[in-house]
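Throughout the sequence shown, residue numbering follows the numbering used here, covering 1 to 307 in sequence.
There may be inaccurate statements among the hints.
Label pairs and their computed distance ranges (CB to CB) [what the hints assert, rightly or not]:
(1) T233 with L105: 38 to 46 Å
(2) T233 with V118: 50 to 58 Å
(3) Y125 with A253: 20 to 28 Å
(4) V114 with P277: 55 to 63 Å
(5) S90 with L24: 21 to 29 Å
(6) Q270 with V54: 55 to 63 Å
(7) G117 with T233: 49 to 57 Å
(8) L24 with R133: 37 to 45 Å
Simulated from the structure, these hints should not be mistaken for laboratory data.
Beta carbons: idealized from backbone N, C-alpha and C, even for Gly.
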Amino acid sequence: SAGDAVPEGGAAQHSRTDGASQRLARLELTALTLLLDTALVWIAFGLAYYLRYVVRWVPVERGLVPVPFKDWIPFGITFSLVQLGSMLLSGAYRTRLGRDLPDELLALCRTSLVGVGVISIITAYLPIKAESRLVIVYAWVLLVLLLLLGRVLLYAVLGRLHGRGWNTRRVVVAGATPVGKMVMQNLLSKRNHGYHLIGFLHGSQPAVVGGVTAYEAPSRANFGRFACLGEVTDIQAIVERWSIDEVIVALPATHHEDIAHICAHCEHAQVAVKLVPDLFELSLSRVHMDHLAGIPLIDVQSTRQNK
């Protein structure tokens with residue numbers, strides 16, 4: 001029942017993950033992903049050579065002498081550097097919580113295709129030759145398949161690590177409107193993404209949208225298993241008590257003062273803020289678009305902090 005809901009973090013004090021630990025975790029994840037992709041690129045290239053010259057899926061012309069693998073090494077190095085560079089420039093190694101696997105898989109397909117295009121240009125105009133175009137085709141198809149498999153396995157491992165508390169972020173949602181409840185439900189269903197929902201805050205005044213007062217949970221009323229921690233005006237005490245790492249603001253545009261209050265305190269406390277977009281303008285030092293399970297978010301970044 002609503003009265004039985006308690007913050008998921010429990011009643012004890014918790015130490016918020018410090019910035020150094022979070023940066024170290026991001027570096028570890030980036031290094032692990034980069035090493036995994038490097039291995040997959042070379043496996044794809046080696047299998048492509050094997051299929052072309054050993055298995056011979058497409059029969060070679062009679063009398064054609066297979067090219068030794070050592071003669072393909074310069075192309076293999078170029079192939080790996082271009083593919084990894086393409087993924088790096090596309091933001092594939094930007095570590096963030098809450099990203100969806102299907103979106104990342106689609107992005108990997110696009111970036112690997114761009115890499116193949118670049119490689120085709122390089123082999124056409126530079127002295128790094130590909131003795132068989134089929135090797136390039138095979139390598140691209142195999143790379144896409146291997147990257148997809150690698151990401152699925154990586155996300156499965158990360159889900160288990162997040163479930164055990166590695167690189168998780170303690171989150172509070174500001175706003176008990178229907179949008180805020182949708183955010184909380186998505187956070188709960190995506191716990192393996194690394195978000196640990198503590199509870200929510202309700203607005204300090206009624207939410208009026210289009211002249212109609214929108215429903216918002218009454219003061220101190222829980223929403224199902226989600227605990228109400230207080231009002232948005234209590235943000236300072238809530239952040240300190242529950243050691244919050246991130247605040248997701250799901251308040252309507254009419255709550256200008258509440259939103260400004262949250263952003264000002266979180267910037268001072270170096271707590272990350274994400275805004276569920278609404279039809280209002282807010283002067284921000286830096287803005288980055290993010291998403292959570294299909295819900296668009298605006299990532300508010302202070303000048304002293306780079307999330």
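How the hints compare with the structure:
no., hint, verdict
1, T233 with L105: 38 to 46 Å, "holds (42 Å)"
2, T233 with V118: 50 to 58 Å, "holds (54 Å)"
3, Y125 with A253: 20 to 28 Å, "violated (54 Å)"
4, V114 with P277: 55 to 63 Å, "violated (29 Å)"
5, S90 with L24: 21 to 29 Å, "holds (24 Å)"
6, Q270 with V54: 55 to 63 Å, "holds (57 Å)"
7, G117 with T233: 49 to 57 Å, "holds (54 Å)"
8, L24 with R133: 37 to 45 Å, "holds (44 Å)"
In this structure, the hints that do not hold are numbers 3 and 4, in rising order.
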